[in-house]
Amino acid sequence: MTDRPNPDELLRRVVAAEAREKRGKLTVFFGAAPGVGKTYAMLEVARAEMEREKRDVVLGIVETHGRYETGAQLLGLELLPRRKLHYRGVDVEELDLDAALKRRPQLLLVDELAHTNAEGSRHPKRWQDVEELLDAGIDVFTTMNVQHVESLNDVVAKVTGVRVRETVPDSVLANAHEIKLVDLPPDDLLERLRDGKVYVPAQAQRAIENFFKKGNLIALRELALRHTAERVDAQMREYRQAQGIEQTWAVTEQLLVAVSPSPHSARLIRAARRMAASLHARWYAVYVERPSARQLPKAMEAQLSQNLRLAEQLGAEVVTLSGNNATDEILRFAHERNITKLIVGKPVVGGLLNRFRVSLVDQIVRQSRDIDVYVTAGDADDDTKREPEKTEPAPVHLPSVVAAVSVSAFSTGVTLLLFGRDQLPDVVMIYLLGIMLVASRFRLGASALTAALSVAAFDFFFVPPYLTFAIADFRHATTFIVMFVVAVVISGLTQRIRNEAATARERELRTATLYELSRELAGAQDTQTVVQAAAHHIENVFRSQVTVFTPAPGGGVLGAYATRGPSEASERELSIAQWVWSNQREAGLGTGTLPGGTTLYVPLLASGGAVGVLGLTPDDAQRFDQLEQRRRVDAFAAQMALAIERATLADETSKARREIEAEQLRNSLLSSVSHDLRTPLAVITGSTSTLLESGPGITDATRQDLLKTVLEEAEHLNRLIRNLLDMTRLESGAVKVRKEWIPLEELVGAALNRVDSRLTGRELHVDLPRSLPLVPCDPVLIEQTLINLLENAAKYSTGPIDVTAAARGAEVVVAVADRGPGIAPGQELRIFDKFQRAGREGNPEGVGLGLTICRAIVTAHGGRIWAQNRADGGASFQFALPIDGEAPALPLSEPSDVAQEQRA
Amino acid sequence: MTEPNPVILVIEDEVQMRRFLRASLSSNGYQVVETHTAEAGLTQAAARAPDLVLLDLGLPDQDGLVVTQRLREWAKTPIIVISARGREEDKIQALDAGADDYLTKPFGVGELLARIRVALRNAARGELGSSQFSVGALKVDLGRRQVLVNGQEVHLTPIEYKLLATLVKHAGRVITHRQLLKEVWGPNSAEQTQYLRVYMGQLRHKLEQNPSRPQFLTTEPGVGYRLRVQE
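Protein chains in written order, with the numbering used here: chain H, 2 to 905; chain Z, 3 to 233.
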């Protein structure tokens, strides 16, 4: 069967290739044991790189510095200064990661990939430092022994009897650009050891002696060779796949390993990883959470978290399923995901009960259909002494005891009264009822106690010989047993129902809080509101102080919002947040990076990348030890990130929309203005050129006519430009309202004077009551408003124009009304918008700014303006100006008649 | 006319504007002297002693306001400012600096000639000290402190009379609120424009036929008032 690379696979490869392109290249000098000459080989190759390729090579750190550094210097390698730490009274020197990132060599040499960093370093492990260097685009040479490979850890421990603590995840090696095997036959190595050519730390002398046995060395060498060979094999396969060469197998394998909260699972997980690696299969680590046994002891919970984390580190996809029947859940998942191989632990056979119970393995094997099932030995890690799980004696639950005793007593009393000693089946029924009641309310202990008490009471009162615990008829013993078994079964069942209900409640609560968050966020429109709402919500759910870091305008992040404490983030917090932001990985409390802190930093990842960083400082530092809690944090962070992204996009969209609107407005202004400016100009040009060129043939009347047209058009142009300028000034905020106390009459008079020429021949009614108060307003602006309204009335009507004013409460309402065609229904508001003209195309007047200017002016005065049709025909434009404050007092009485005074 | 034609000095930097002014003014019997900078204008004003100055505010070398102030240091020549600046503040500044009138571009030649006639007449009357004034139905005799509308005497309060008398003295010209307040109420009341507006309203009700559409006592919005004169 030919198998062309499927699209997903191709995409994965392209993405991987891209990532590889940008990332630095990791070269691992891989050996079977210390002393095979890895560091030496590394330095050799580095020197060659430097000399032949002229590369910029820096020596980051070499563990055995006494021997190599001098040599390296002789070779002309630049040495990176080490970071000096004082830890637990000992001076330690570590790789200075920040210095290395700052120096940015093309190639950095970092010895001993498996090294554990001293506390206080950014990452607990050196391989994490190396990862960061690679991410920064720096090539790294490093060294490593086979026993440090995570998935080979068990095997090595088995072979050598020495368990290595320092391990490197397989994924690091898998992603390495090149693995160079440094091989030395065991005999030669032993000889070197004898000659003292192998560097051995003094304190490890004894352990090393045990380690360097020929048998061990052969086994380790085989492991190293095999591991390297597997990799070469993988490379070849990848090459073939990339070239579309027919594959030797068709189906991609998918593995599933069932994980339990037992320490044995670690071994199982490693085995699965090895198998997955050799098959190049994707693999899942699955844990089935049983609602009926929801409260795991703390120790087991921790073990489970550890197991799942190990699986994650080894590259598994970790899945937690929920269901009462583990077999069903696992198999359902397996079928859904097309799992081909299933790995389960061999049950530890112990105890009588297990022999009768159908084990998980049996069930899986029976129901697995076409899935291969691998059963792997489930013995514990060598060093993990399995402590007998101490089930703490449950404290006596007083209410349970009270209930048990009182229910038994009550049952006895009732039966004695009702049935006497003759109707024993009814008596038993009543007791069973009591037991069931207790079982439905209390735990197993209480119902068992009730059962025991009931049986005792039954025996004592109802079974002859009466009032003794002796049994005359042996058949009654059967009754006792039945009663007891029924009690236990019932309480077991109710217990299970209760547990399931509790789990369901808890899960519902979980979903509910998440739902609540998303609902809250759905209402938030801008990024700031989203951040605040989410921060407070998360603070309540996780009982933690929440800090949200958002991208700073000039790159990097800034502490944008903190629910408690100072809103300014400290330098340190910022730098961690910055790291999380740029690496898009979590850091801080309980993570692989800077685990010493009290704050957990989670990147807020949305579809378009990181949109921020969420900082959580839990009140209880242990809160996030549980995987479950961490998952919830991730879920909340994801929700929040999406909301932020949505809000950001919405912001951008509305900005874009505003720009488009402004653009449209500009366009309509341009077209309107160019049309309205050009028409009068065309008339002027035409008329004057006629006058100039027509010579003496033109009559005086025509000449007069043309000249009048020119003048009119020029005046028209002037008005247009004035309106445009006014609008521009009003919009730019250059106009300030300077309120003065003014009699309205003066403003109306001035306005009428200004539009005098346009009102000739028009009937005009002005009705301004003498009682009108002074109005605080800007005389120039309100006069302009009146002029615009009057011009409008003159423009759109031919009949009489009415100008009225009246004081209404704390405002003065002014109306300019005409007898024209009125306003089209629905246009009452629109006519105040820019470039809205009631007239036909080519209207002789204006760009449709007059009313807009009026509205701007009146609004700036804190007033209102509106238009309505008059009941008896025509339109009425009205505006109301507030009379705020008190009119200044005028000097009152003065001698009323100067002339009389003079003559007197 | 036996008198020589009045000389008008035009200080304006725009060629087209000068051309229009020269054409309209000389065809109406005025002698026109043109300059296009403030400095040249001041020199010409000193050398030619014009009867009237038409001054543009936006000159290339100096602001017209400065020209007004410097000219006022030694001459009472009437100044009419012509400018494209339509803002009330500019008008008030120019008037307070000593300009006699103000015309905003664009303007018609009729309006310009009317303003010129008023300014020239006022300048002449200033010397003669005429006490009689009449426009339409309104007659004011400053010497006898008498105000007549349609031949009927109108009784005014002392302040109303003082206000009217001030307007009569500057008849035909714009008087800013400030100038009126100073003259009627004294220098301390220069900002109390509401007094002025209220008394102006009262005056209109006593003198005008239709106070909401005044014929003589007109408002120059944001600037001041003008008592119109008979054309």
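Take the hints with a grain of salt, since some may be wrong.
[Stated by the list, open to error] Each computed DSS-like pair below joins lysine-lysine, with the alpha-carbon atoms no more than 30 Å apart: (1) Lys-141(Z) / Lys-709(H); (2) Lys-184(Z) / Lys-78(Z); (3) Lys-55(H) / Lys-159(H); (4) Lys-141(Z) / Lys-208(Z); (5) Lys-141(Z) / Lys-740(H); (6) Lys-709(H) / Lys-737(H); (7) Lys-107(Z) / Lys-835(H); (8) Lys-198(H) / Lys-208(Z); (9) Lys-164(Z) / Lys-796(H); (10) Lys-78(Z) / Lys-740(H); (11) Lys-103(H) / Lys-23(H); (12) Lys-107(Z) / Lys-740(H); (13) Lys-737(H) / Lys-164(Z); (14) Lys-737(H) / Lys-208(Z).
[Unchecked claim] Here are some, though not all, of the chain H residues that point toward chain Z, as calculated from beta-carbon distances under 8 Å: (15) Val-711; (16) Glu-714; (17) Glu-747; (18) Leu-753; (19) Val-767; (20) Pro-770; (21) Pro-774.
[Said to hold, decoys possible] Example chain H residues on the side facing chain Z (calculated, C-beta under 8 Å, incomplete): (22) Glu-732; (23) Trp-742; (24) Gly-750; (25) Ala-751; (26) Leu-769; (27) Leu-775; (28) Glu-887; (29) Pro-889.
Just so you know, these hints were derived from the structure itself, not from any lab.
Just so you know, these numbers come straight off a predicted model, no measurement behind them.
Cβ coordinates follow ideal geometry from the N, Cα and C atoms, glycine included.
Check your understanding: Would the pair Lys-737(H) and Lys-164(Z) pass a check requiring their Cα atoms to be no farther apart than 30 Å?
Key -> With a Cα-Cα distance of about 33 Å, the restraint between Lys-737(H) and Lys-164(Z) is violated, given a limit of 30 Å.
**Study point:** Given pair status - Lys-740(H), Lys-107(Z), alpha carbons within 30 Å
**Key:** holds, 27 Å
Exercise for review: With chain Z as the partner, please determine if Glu-747(H) meets the hint condition of a C-beta pair closer than 8 Å.
Suggested key: At about 5 Å, which falls below the 8 Å cut-off, the nearest Cβ of chain Z leaves the hint on Glu-747(H) intact, so it holds.
**Study point:** chain Z contact restraint on Glu-732(H) - CB to CB distance below 8 Å
**Key:** violated, 17 Å
Exercise for review: Would you check the hint for Lys-164(Z) and Lys-796(H), treating anything up to 30 Å between C-alpha atoms as holding?
Suggested key: violated, 41 Å
Check your understanding: Should the interface hint for Leu-775(H) be scored as holding, given a Cβ-Cβ cut-off of 8 Å against chain Z?
Key -> Constraint on Leu-775(H) satisfied, holds at 7 Å.
Check your understanding: Is the Cα-Cα distance between Lys-107(Z) and Lys-835(H) 30 Å or less?
Key -> Holds - the C-alpha atoms of Lys-835(H) and Lys-107(Z) are around 27 Å apart, at most 30 Å.
Check your understanding: When the nearest CB of chain Z is found for Leu-753(H), is that gap smaller than 8 Å?
Key -> With a closest approach of 5 Å, the Leu-753(H) hint holds.
Check your understanding: Per the CB criterion, is Gly-750(H) less than 8 Å away from chain Z?
Key -> holds, 5 Å
Check your understanding: For the pair supplied as a hint, Lys-141(Z) and Lys-709(H), is the alpha-carbon distance within the 30 Å limit?
Key -> violated, 36 Å
**Study point:** Status of the hint placing Ala-751(H) at chain Z (closest C-beta pair under 8 Å)
**Key:** Status holds, d = 4 Å.
Review point. Going straight from one Cα to the other, do Lys-103(H) and Lys-23(H) come out at no more than 30 Å?
Key: Distance of about 18 Å is within 30 Å: holds.
Of the numbered hints stated above, those contradicted by the structure are hints 1, 3, 5, 6, 8, 9, 10, 13, 14, 15, 16, 20, 21, 22, 28, listed in ascending order.
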